[in-house]
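Fit chain B to the known structure of chain A by using the hints.
Read off the chains here:
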Amino acid sequence: MPVPILAARDIHKSYGRGATRFDALKGVSLDIQQGESVAIVGKSGSGKSTLMHLLALLDNPSTGAVELSGRDASSLNGKLVNQTRNETFGFVFQQFFLTPNTSVLDNVTLPLQIAGIRGAERKRRGMAALEQLELADKARNKATDLSGGQKQRVVIARALVNNPSVIFADEPTGNLDSATGKVVEDILFSLQEEKGITLIIVTHDEDLAARCDRRVYIRDGLISDTLHAAPAAPIAQEVRA
Amino acid sequence: MNAFDLIRSAVKNSLRSKTRTTLTVLAIFIGAFTLTLTSGVGTGINQYIDTMVASIGADDVLTVTKAAEDTGDGPVEYDPDTTTVAAAGPPGTTVVTLSSADLDTIGDVDGVLSVEPQLRVSPDFVRVDGGTAYEASVGSFIPGMALDLAAGAEPDSASDAYEVAVPVSYVDALGFTSDADAVGATLTFGVMDVAGTSSLVTATIVGVAEEGLVGSSAFTANEVLTEALYDTQSVGLSESSKDSYSSAVVRFDETGTDADLTALKDSLAELGYTGTTVQDSIGSFKAVIDGIVLVLNAFAVIALLAAGFGIVNTLLMSVQERTREIGLMKAMGLGGGKIFGLFSLEAVFIGLMGSAIGVGVGMLAGAGANAVLADTLLADLPGLTLVAFDPAALATIVLTVMGLAFLAGTIPALRAARQDPIESLRYE
Numbered sequence: 001m002p003v004p005i006l007a008a009r010d011i012h013k014s015y016g017r018g019a020t021r022f023d024a025l026k027g028v029s030l031d032i033q034q035g036e037s038v039a040i041v042g043k044s045g046s047g048k049s050t051l052m053h054l055l056a057l058l059d060n061p062s063t064g065a066v067e068l069s070g071r072d073a074s075s076l077n078g079k080l081v082n083q084t085r086n087e088t089f090g091f092v093f094q095q096f097f098l099t100p101n102t103s104v105l106d107n108v109t110l111p112l113q114i115a116g117i118r119g120a121e122r123k124r125r126g127m128a129a130l131e132q133l134e135l136a137d138k139a140r141n142k143a144t145d146l147s148g149g150q151k152q153r154v155v156i157a158r159a160l161v162n163n164p165s166v167i168f169a170d171e172p173t174g175n176l177d178s179a180t181g182k183v184v185e186d187i188l189f190s191l192q193e194e195k196g197i198t199l200i201i202v203t204h205d206e207d208l209a210a211r212c213d214r215r216v217y218i219r220d221g222l223i224s225d226t227l228h229a230a231p232a233a234p235i236a237q238e239v240r241a
Numbered sequence: 242m243n244a245f246d247l248i249r250s251a252v253k254n255s256l257r258s259k260t261r262t263t264l265t266v267l268a269i270f271i272g273a274f275t276l277t278l279t280s281g282v283g284t285g286i287n288q289y290i291d292t293m294v295a296s297i298g299a300d301d302v303l304t305v306t307k308a309a310e311d312t313g314d315g316p317v318e319y320d321p322d323t324t325t326v327a328a329a330g331p332p333g334t335t336v337v338t339l340s341s342a343d344l345d346t347i348g349d350v351d352g353v354l355s356v357e358p359q360l361r362v363s364p365d366f367v368r369v370d371g372g373t374a375y376e377a378s379v380g381s382f383i384p385g386m387a388l389d390l391a392a393g394a395e396p397d398s399a400s401d402a403y404e405v406a407v408p409v410s411y412v413d414a415l416g417f418t419s420d421a422d423a424v425g426a427t428l429t430f431g432v433m434d435v436a437g438t439s440s441l442v443t444a445t446i447v448g449v450a451e452e453g454l455v456g457s458s459a460f461t462a463n464e465v466l467t468e469a470l471y472d473t474q475s476v477g478l479s480e481s482s483k484d485s486y487s488s489a490v491v492r493f494d495e496t497g498t499d500a501d502l503t504a505l506k507d508s509l510a511e512l513g514y515t516g517t518t519v520q521d522s523i524g525s526f527k528a529v530i531d532g533i534v535l536v537l538n539a540f541a542v543i544a545l546l547a548a549g550f551g552i553v554n555t556l557l558m559s560v561q562e563r564t565r566e567i568g569l570m571k572a573m574g575l576g577g578g579k580i581f582g583l584f585s586l587e588a589v590f591i592g593l594m595g596s597a598i599g600v601g602v603g604m605l606a607g608a609g610a611n612a613v614l615a616d617t618l619l620a621d622l623p624g625l626t627l628v629a630f631d632p633a634a635l636a637t638i639v640l641t642v643m644g645l646a647f648l649a650g651t652i653p654a655l656r657a658a659r660q661d662p663i664e665s666l667r668y669e
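Residue numbers (the working numbering), protein chains in the order written: chain A, 1 to 241; chain B, 242 to 669.
Only chain A is shown next, with the shape it has when bound in the complex:
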């Protein structure tokens, strides 16, 4: 079995101390392979968001370890962690987090700007990502002037612009109507299929979770169940084609 791109090794995470201590995760282990799509499913307060934050190296586990391509993330220094998040990860959030009064293109190229890439190269790659999501004509618009579906497509373009190997999506369709949500889902899964991008989706939407290769159910800080998609997935692909 190949080395997983991301792995959780018996991670615990607790907040506060003493009487107010709250254990969000109570020993979770999980391997995620390159190119896989994994849904982390659970009710609010189950610890699914905490697990995503730990896997995305936004936080450190209280005990246990997160491994990035077999390497313990706690051994990486802050600069390397920042670089990894910038170059290897892409983020899609439910609330979009687009900077208001700033152009769509500038929003999309924010990760490149953070990486220190020059203006012309930034623009070229930003436009390429927008074209991929059919938003090239909106590049000069203000991000706040777009519809919900367009905003989420801008967010996906922003997540894609650095050619990441993992995209974290936190309730990507939570703020969208079902038709628009379907479009955004299709975009995410086609990225996984065409570019081999690992998809980690946090959701409580069973329909979205069912489209993933694997569903990991989190309940009260523990993995309660893991379901694999039926091997019929390749057939579904043929049908669509």
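Note that these hints are calculated values from the structure, not bench results. Please note that the accuracy of each hint is not assured.
[To be verified] Calculated lysine to aspartate or glutamate pairs in the DMTMM-like style (CA-CA distance at most 25 Å, straight line):
1. B:Lys483 with B:Asp434
2. A:Lys142 with B:Glu562
3. A:Lys142 with B:Asp434
4. B:Lys253 with A:Glu121
5. B:Lys579 with A:Asp106
6. A:Lys195 with A:Glu171
7. B:Lys579 with A:Asp59
8. A:Lys79 with A:Asp145
9. A:Lys26 with B:Glu664
10. A:Lys182 with A:Asp220
11. A:Lys142 with B:Asp246
12. A:Lys79 with B:Asp246
13. B:Lys253 with B:Glu562
14. A:Lys123 with B:Glu566
15. B:Lys527 with B:Asp434
16. B:Lys253 with A:Asp207
17. B:Lys259 with A:Asp145
18. B:Lys483 with B:Asp401
19. B:Lys253 with B:Asp616
20. A:Lys79 with B:Glu664
21. B:Lys253 with A:Asp59
22. A:Lys26 with B:Asp661
23. A:Lys43 with B:Asp616
24. A:Lys138 with B:Asp246
25. B:Lys579 with A:Glu171
26. B:Lys579 with A:Asp207
27. A:Lys123 with B:Asp401
28. A:Lys138 with B:Glu566
[Claimed, not checked] Here are the simulated distance ranges between beta carbons:
29. A:Asn175 with B:Leu648: 35 to 45 Å
30. A:His204 with B:Ile271: 51 to 61 Å
31. B:Ala547 with A:Ala179: 20 to 30 Å
Beta carbons: idealized from backbone N, C-alpha and C, even for Gly.
Just chain B, lined up with the frame of chain A:
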């Protein structure tokens, strides 16, 4: 994020909330504007004093007098060997005169390059071509002096010809149509000797000098002319009377340190002489001006400090508003140091705008005030530019304000840099 992007983003962010930024910039503007004007007045008046100082004496010259006997212990016993002459100062002030022997003693002191008696000449009148005669006083031109000239040149101390600079107030009276018209004309001095015989000495007018604050309305003669006038007025005097001077002019090495000068003054004091530089007599003016300007500057700095808190407030609001944006940038891998830089650069940019506009408008206001005042309040003080600007001082103001803004920005910038990305992204 590279340096250029950081600066560009900081500038863009500071312009995002225009009203807030404008108000903060306005607060800094008031402080910088005031500081520009107060320091401008300081520079202007000090420049004027420097010009005045240069017109009454050179930098490398000590005026040496014989120290008067201490009169604090009652009347001084008469000594037939000393002579006294009336000296400048309150009525009754006298100084003990110097003789050639004194000059030799002074000349032997370490550090003295040359010693010349200061000749006091008092012609009865001056006139041009048999025109109206006017009373006049004459001062001697010492090399190193810089006259504040309205026209022409300074008298040449190396020249054998009799040369004189006339005060600007005599130009009309002597019958000249303009300052330039006077240059090149011949001036006649009327001198009466001890015996009561009147003689005439003629000299060429080479320059017209502005009247200053302390530079009196005296004619300035070069050395040969001064000697000629002195010799003429001294005809009939005994050798010992002719050989007594109220003061002597000592030259010293001006490249030496202040300590050398102090040592020279001490050596002279030991021998019973008092040495005074022009700076000693005029320097106290500058100290007073500097003190006043310092107090004015302090008020301006207080205004700037208040503006500094305005910057803190503005940026704290900005950090609060942009919590999610900061969280997002951190999640995407922007380090805390860069976030700190982003917000402190924003503060520095606000400081730069406020101070640059303040200094610019301050200079315009100063120039305007100069133009108005030169013809009204300050018309009697030609050569005085009330508000003068020293580029170094202006640059210091801008840099100080930017430094202050940076300090004010550290509080909000640190808060932004320390934000937890998860908390920030959860923030509604």
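Lys79 of chain A and Glu664 of chain B were given as a pair; does the straight-line alpha-carbon distance stay at or below 25 Å? holds (20 Å)
Do the alpha carbons of Lys123 of chain A and Asp401 of chain B lie within 25 Å of each other, as the hint requires? The given pair, whose Cα atoms are some 80 Å apart, is violated under the 25 Å limit.
Does Lys142 of chain A pair with Asp434 of chain B here, judged by a C-alpha cut-off of 25 Å? Outside the cut-off at roughly 96 Å; violated.
Lys79 of chain A and Asp145 of chain A: Cα distance at most 25 Å? violated (35 Å)
Checking one constraint from the list: CA of Lys253 of chain B to CA of Glu562 of chain B, max 25 Å. Satisfied? Answer holds: Lys253 of chain B to Glu562 of chain B is near 15 Å, not above 25 Å.
For Lys253 of chain B and Asp207 of chain A, compute the direct alpha-carbon distance and say whether it is at most 25 Å. violated (43 Å)
Is it true that the CA of Lys579 of chain B sits at most 25 Å from the CA of Glu171 of chain A? violated (29 Å)
Checking one constraint from the list: CA of Lys253 of chain B to CA of Asp59 of chain A, max 25 Å. Satisfied? Distance ~30 Å between Lys253 of chain B and Asp59 of chain A Cα, so the pair is violated.
Decide if the proposed pair is consistent with the structure: Lys483 of chain B and Asp434 of chain B, CA atoms, cutoff 25 Å inclusive. holds (12 Å)
Given pair status - Asp59 of chain A, Lys579 of chain B, alpha carbons within 25 Å: Measuring from Cα to Cα gives roughly 19 Å; hence the hint holds.
Can you let me know if the beta-carbon spacing of His204 of chain A and Ile271 of chain B is within 51 to 61 Å? Holds - the Cβ-Cβ distance for His204 of chain A and Ile271 of chain B, about 56 Å, lies within 51 to 61 Å.
Kindly confirm whether 35 to 45 Å is satisfied by the beta carbon distance between Asn175 of chain A and Leu648 of chain B. holds (42 Å)
Checked against the numbered hints given earlier, this structure breaks hints 3, 8, 10, 15, 16, 19, 21, 23, 25, 26, 27, 31; the rest are met.
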